[in-house]
Amino acid sequence: MMEAIYIAGHGGQGTLSTGQLLANACLKEGKFVAYLPHYGVEKRGGVSNCGVTISNQQISSPFVTEPTVLIVMNNLSLERYEKAVVPGGLLITNSSLVENAVTRNDVRVVPIAANEEAERMGHPMVANNIILGALLELTGVVSVETVADSLKEVLPERHHGKIPANLQALERGAALARKHKLVDQR
Amino acid sequence: MKKAFSRPQSLLDVPFHYCPGCTHGVAHRLVGEVIDELGIQDNVIGHAPVGCAVFTMDYFDFDMISAAHGRAPAVATGVKRVLPDRVVFTYQGDGDLAAIGTGEFVHAAVRGEKITCIFINNAVYGMTGGQMAPTTLPGQKTKTTPFGRDSVISGYPIKVCEMLTPLDGAAYIARAAVHSPRAIIQAKKAIKKAFQVQMAGLGFSLVEILSTCPTNWGLTPLEAVKWLEENMIPYFPLGEYKVPAAGVI
Amino acid sequence: MRVLMKGNEAIGEGAVRAGCRYFFGYPITPQSELTHYLAKRLPEVGGLFLQAESEVASINMVYGAAAAGARVMTSSSGPGISLMQEGLSYLAGSELPSVIVNLMRGGPGLGNIAPSQSDYFQAVKGGGHGDYHMIVLAPNTAQEMLDTMGKAFDLADQYRNPVMVMADGIMGQMMEAVDLAGDTKIEIPPKPWATTGMAHHTGKNVINSCLVIPEEMEELNLRLEKKYKVISQKEQACDQYMLADADIVLVAFGLVSRICMSAVEKARAMGIKAGLIRPITLWPFPTELIEKTADKTRAYLTVEMNMGQMIEDVRLAVRGRAPVFHYGRLGGMVPELKDVLAEIKNLHEGGTGR
Ligand SMILES: Cc1ncc(C[n+]2csc(CCOP(=O)(O)OP(=O)(O)O)c2C)c(N)n1
Ligand code: SF4
Ligand SMILES: [Mg+2]
Numbered sequence: 001m002m003e004a005i006y007i008a009g010h011g012g013q014g015t016l017s018t019g020q021l022l023a024n025a026c027l028k029e030g031k032f033v034a035y036l037p038h039y040g041v042e043k044r045g046g047v048s049n050c051g052v053t054i055s056n057q058q059i060s061s062p063f064v065t066e067p068t069v070l071i072v073m074n075n076l077s078l079e080r081y082e083k084a085v086v087p088g089g090l091l092i093t094n095s096s097l098v099e100n101a102v103t104r105n106d107v108r109v110v111p112i113a114a115n116e117e118a119e120r121m122g123h124p125m126v127a128n129n130i131i132l133g134a135l136l137e138l139t140g141v142v143s144v145e146t147v148a149d150s151l152k153e154v155l156p157e158r159h160h161g162k163i164p165a166n167l168q169a170l171e172r173g174a175a176l177a178r179k180h181k182l183v184d185q186r
Numbered sequence: 001m002k003k004a005f006s007r008p009q010s011l012l013d014v015p016f017h018y019c020p021g022c023t024h025g026v027a028h029r030l031v032g033e034v035i036d037e038l039g040i041q042d043n044v045i046g047h048a049p050v051g052c053a054v055f056t057m058d059y060f061d062f063d064m065i066s067a068a069h070g071r072a073p074a075v076a077t078g079v080k081r082v083l084p085d086r087v088v089f090t091y092q093g094d095g096d097l098a099a100i101g102t103g104e105f106v107h108a109a110v111r112g113e114k115i116t117c118i119f120i121n122n123a124v125y126g127m128t129g130g131q132m133a134p135t136t137l138p139g140q141k142t143k144t145t146p147f148g149r150d151s152v153i154s155g156y157p158i159k160v161c162e163m164l165t166p167l168d169g170a171a172y173i174a175r176a177a178v179h180s181p182r183a184i185i186q187a188k189k190a191i192k193k194a195f196q197v198q199m200a201g202l203g204f205s206l207v208e209i210l211s212t213c214p215t216n217w218g219l220t221p222l223e224a225v226k227w228l229e230e231n232m233i234p235y236f237p238l239g240e241y242k243v244p245a246a247g248v249i
Numbered sequence: 001m002r003v004l005m006k007g008n009e010a011i012g013e014g015a016v017r018a019g020c021r022y023f024f025g026y027p028i029t030p031q032s033e034l035t036h037y038l039a040k041r042l043p044e045v046g047g048l049f050l051q052a053e054s055e056v057a058s059i060n061m062v063y064g065a066a067a068a069g070a071r072v073m074t075s076s077s078g079p080g081i082s083l084m085q086e087g088l089s090y091l092a093g094s095e096l097p098s099v100i101v102n103l104m105r106g107g108p109g110l111g112n113i114a115p116s117q118s119d120y121f122q123a124v125k126g127g128g129h130g131d132y133h134m135i136v137l138a139p140n141t142a143q144e145m146l147d148t149m150g151k152a153f154d155l156a157d158q159y160r161n162p163v164m165v166m167a168d169g170i171m172g173q174m175m176e177a178v179d180l181a182g183d184t185k186i187e188i189p190p191k192p193w194a195t196t197g198m199a200h201h202t203g204k205n206v207i208n209s210c211l212v213i214p215e216e217m218e219e220l221n222l223r224l225e226k227k228y229k230v231i232s233q234k235e236q237a238c239d240q241y242m243l244a245d246a247d248i249v250l251v252a253f254g255l256v257s258r259i260c261m262s263a264v265e266k267a268r269a270m271g272i273k274a275g276l277i278r279p280i281t282l283w284p285f286p287t288e289l290i291e292k293t294a295d296k297t298r299a300y301l302t303v304e305m306n307m308g309q310m311i312e313d314v315r316l317a318v319r320g321r322a323p324v325f326h327y328g329r330l331g332g333m334v335p336e337l338k339d340v341l342a343e344i345k346n347l348h349e350g351g352t353g354r
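Protein chains in written order, with the working numbering: chain Z, 1 to 186; chain B, 1 to 249; chain F, 1 to 354.
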């Protein structure tokens, strides 16, 4: 297995579509991939999580219970899933909404202020792809180009006008992660 | 000499099992005659109900399907959707169609399903031994309403034709009876029209036929005919409730 | 061509590729995406998607379409499948080929829309009235969900019998790569028994399960029994994983079997000789293979999303030659890898499960 990624947030944050986009791109690069959503009863605002398992061989369990990468989009998700990350794993937080402190010290923590960045770009809806851009930069599971290709397939025709903003978001996320890497190295 | 009375080709030469004076047999014959006259014996698929008419599949000489209690209009829907050029009908009692099968016949009509329902209203559950039917009249005694149907407890008879008439999918709705030669002629006309409406692709058609059940009414065949005329017809008025625009068929 | 598909969509596409052109159903979560998919896809291939007024109507429409000779299916979950039981019994009694998909959810009652395997008994032991069996298939990947549909329709036609495809609800939502390149040739055997009107076959055809004379009903029962025996002998199917030298054997179907595969891998890494049997046909149950392993197995562990249903069939196969334990999560909860592993460790150390 290469990565077991868990994306946790609430409805409306684009967690499920981010997971699907990533899964689609992995497939494009010839990897084995499984995507499994988990959501609450409420249509809006409820729990909305998904797991994406990426591997170079057949995937046995598609359930992500011990993520190598955890993305948390809100405080509740941090509280709930922080403990599950494997030691040495990666924890990306959406620091625009996650104010609580991370208690783990055996994982790599990368805060990305996704909502603020998205606002700054003038596209508040692309916060999720800023996070995805950071994930791609930090893990290298698939290339940004492949994800860009996948956008066309995953987004319905009528939303294709939003593709440039989403691409920009991926780039922005990647740039923020690069900056973070430099800080880490210092 | 011209034979005035012969078995329709669509009916097999086997004796009916119905009780003496039961008008199920008359209704069978009318359906058989209409199918002969329309020349559709080779293209018709009938549906037997659960009720005294469960054995219609043994009487009619064409393809038959035995449906679960009340479900014939749903089964017929499946058949008709697969074979839209065949003529598809159900033959159902009042318990079958108007109690347990209420959802199925109403929604077949709602969809404008191009099938025909022959609905035998004998105001009682014949086969199971004379319990209250949804069409049992107020005050009518049955095995499960031994003091007469009390509307406070059991409500009122269901008026199927009146219910269906406002539905856009219903193309031909009529109520007839088989208690007199004149009524029988009217009933046959209605059955024929119902099939023609289906064949013209106009929508759902249903003919309710007021019928006797001397056995469970506790009457002689003659008394039963009289009871039908005096009690059922006033409550369930005969006639065509809905017809396609003139000239369409 | 490999594409990412939800399990629900894979089932729908599998049905279309199997030549199914008729779907009758009533909305219920968690199988909605299957109906959404077919509502779009069937008209593209000249088929019909019809939303019925209830599951009772759906299954009877299936009955009619099957009687008319078509490849036809319906799908539902928990409460809807319960409403279909009468129709399933009629389909079995009238020997009508048909495919029913059950994406199981938490129950009893209204329960919830979370994944479950609690309809095992209902599917394999009857559910409806009378002496009958459905063939029950349990895929465990999106690819297999697609492939299983072809198999389901073939078996249904071959044996003139209803076939149920069962998966837990989350499998419908799960997305995996599905290969759409495969064989798309559709071969539907002739159905001279179908009620299509006498102009279209010889003689009069009758579809019926009402045989009032007990001697005649017994004759039908005996014929069915004979058919079920043939199916039992010929159609048992299962997968095995690291079974050859295993002394602790897990038995699980559907998605749970994949959690168990991971558990077996982890157990092996710890030096425990664990293995897995995954029934693909739940009826007929793969008794033969399980029976063969009984003498060299120290303990069996069934892992199910129910209180222990399949365990009864495993016990029947093992016939007391080894202990059979059960680990289950209920109500829509999914067994976790670490907990299954703990069960295996416990058995390895001579514990008795619980
Ligand atoms: C699900 C189910 N419930 C009950 C029965 C028993 N049952 C058989 S016939 C019948 C009533 C039939 O009455 P009706 O439809 O009025 O027909 P009739 O015999 O009067 O012509 C009933 C309740 C059944 N076969 N199936
Ligand atoms: S019980 Fe009534 S309906 Fe049934 S056959 Fe006898 S008279 Fe006719
Ligand atoms: Mg009656």
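Keep in mind that a hint or two might mislead.
Said to hold, decoys possible - Each pair of labels, with its calculated beta carbon distance range:
1. Gln57/Z to Met217/F: 28 to 36 Å
2. Ile100/B to Gln58/Z: 25 to 33 Å
3. Glu53/F to Asp36/B: 47 to 55 Å
4. Val45/F to Gln57/Z: 33 to 41 Å
5. Ser54/F to Cys19/B: 51 to 59 Å
6. Arg321/F to Ile100/B: 14 to 22 Å
7. Glu187/F to Lys181/Z: 51 to 59 Å
8. Gln158/F to Gln58/Z: 29 to 37 Å
9. Glu216/F to Asp36/B: 27 to 35 Å
10. Asp58/B to Glu157/Z: 51 to 59 Å
11. Gly320/F to Pro146/B: 37 to 45 Å
12. Pro84/B to Glu216/F: 33 to 41 Å
To be verified - Keeping only pairs whose Cα atoms sit at most 25 Å apart, straight-line, the calculated SDA-like set for lysine to any residue is:
13. Lys191/F to Met333/F
14. Lys204/F to Glu230/B
15. Lys338/F to Gly88/Z
16. Lys338/F to Thr65/Z
17. Lys338/F to Ser55/Z
18. Lys152/Z to Met1/F
19. Lys204/F to Val248/B
20. Lys273/F to Lys191/F
21. Lys152/Z to Lys40/F
22. Lys266/F to Ile59/Z
23. Lys193/B to Val248/B
24. Lys28/Z to Val3/F
25. Lys40/F to Gly88/Z
26. Lys266/F to Lys152/Z
27. Lys28/Z to Asp179/F
28. Lys266/F to Asp106/Z
29. Lys83/Z to Lys40/F
30. Lys338/F to Val144/Z
31. Lys28/Z to Gly182/F
32. Lys152/Z to Ile188/F
No wet-lab data here; the hints were simulated from the structure. Just so you know, these numbers come straight off a predicted model, no measurement behind them. C-beta atoms are modelled at their ideal positions from N, C-alpha and C, and glycine is treated no differently.
The hints, checked one at a time:
1. Distance hint check for Gln57/Z and Met217/F: the Cβ-Cβ separation is about 54 Å, which falls outside the suggested range of 28 to 36 Å.
2. The given range of 25 to 33 Å is broken by Ile100/B and Gln58/Z, whose C-beta atoms sit roughly 50 Å from each other.
3. The supplied range of 47 to 55 Å is broken by Glu53/F and Asp36/B, whose beta-carbon atoms lie about 34 Å from each other.
4. Taking the beta carbon of each, Val45/F and Gln57/Z are about 35 Å apart, inside 33 to 41 Å as hinted.
5. For Ser54/F paired with Cys19/B, a C-beta distance near 34 Å fails the hint of 51 to 59 Å.
6. A hinted range of 14 to 22 Å for the beta carbons of Arg321/F and Ile100/B is inconsistent with their spacing of about 49 Å.
7. Take Glu187/F and Lys181/Z: their Cβ atoms lie about 58 Å apart, and the range 51 to 59 Å holds.
8. Take Gln158/F and Gln58/Z: their Cβ atoms lie about 30 Å apart, and the range 29 to 37 Å holds.
9. At roughly 30 Å, the beta carbons of Glu216/F and Asp36/B sit within the given window of 27 to 35 Å.
10. Under the hint 51 to 59 Å, the C-beta atoms of Asp58/B and Glu157/Z, about 58 Å apart, fit the expected range.
11. Between Gly320/F and Pro146/B the beta carbon distance is about 57 Å. The supplied range of 37 to 45 Å is therefore violated.
12. For the pair Pro84/B and Glu216/F, the supplied restraint of 33 to 41 Å holds, since their beta-carbon distance comes to about 34 Å.
13. With a C-alpha separation of about 44 Å, the suggested pairing of Lys191/F with Met333/F is violated against the 25 Å cut-off.
14. For the hint linking Lys204/F to Glu230/B, the alpha-carbon distance of about 41 Å lies beyond 25 Å, and the restraint is violated.
15. At most 25 Å may separate the alpha-carbon atoms for a hinted pair to count; Lys338/F and Gly88/Z meet this at roughly 19 Å.
16. This hinted pair checks out: Lys338/F and Thr65/Z have alpha carbons roughly 9 Å apart, not beyond 25 Å.
17. For the proposed pair Lys338/F and Ser55/Z, the alpha carbon gap of about 20 Å is at most 25 Å, so the pair holds.
18. Note on Lys152/Z and Met1/F: the hinted pairing holds, with a Cα-Cα distance of about 17 Å set against a maximum of 25 Å.
19. Restraint check: the Cα-Cα separation between Lys204/F and Val248/B comes to about 33 Å, which exceeds 25 Å; the hinted pair is violated.
20. Under the criterion of a C-alpha separation no larger than 25 Å, the hint pairing Lys273/F with Lys191/F is inconsistent with the structure, at around 50 Å.
21. In summary, the hint linking Lys152/Z to Lys40/F is supported, as the alpha carbons are separated by about 21 Å, within the 25 Å threshold.
22. The hinted pair formed by Lys266/F and Ile59/Z meets the criterion: a straight-line CA distance of about 14 Å does not exceed 25 Å.
23. Only pairs whose Cα atoms come within 25 Å are accepted, and Lys193/B paired with Val248/B is accepted, the gap being roughly 11 Å.
24. Between the alpha carbons of Lys28/Z and Val3/F the distance comes to roughly 9 Å, so the proposed pair stays at or under 25 Å and holds.
25. Distance restraint check for Lys40/F and Gly88/Z: the Cα-Cα separation of roughly 46 Å exceeds the 25 Å cut-off, and the hinted pair is therefore not satisfied.
26. Distance hint between Lys266/F and Lys152/Z is unfulfilled; the C-alpha atoms sit about 39 Å from each other, more than 25 Å.
27. At most 25 Å may separate the alpha-carbon atoms for a hinted pair to count; Lys28/Z and Asp179/F meet this at roughly 13 Å.
28. With a C-alpha separation of about 23 Å, the suggested pair Lys266/F and Asp106/Z falls inside the 25 Å cut-off, and the hint holds.
29. Using a Cα cut-off of 25 Å, the hinted pair Lys83/Z and Lys40/F is violated, with the two alpha carbons roughly 43 Å apart.
30. Restraint check: the Cα-Cα separation between Lys338/F and Val144/Z comes to about 34 Å, which exceeds 25 Å; the hinted pair is violated.
31. A hinted pair counts as satisfied when its Cα atoms are at most 25 Å apart, and Lys28/Z with Gly182/F qualifies at roughly 19 Å.
32. The hinted pair formed by Lys152/Z and Ile188/F fails the criterion: a straight-line CA distance of about 38 Å is larger than 25 Å.
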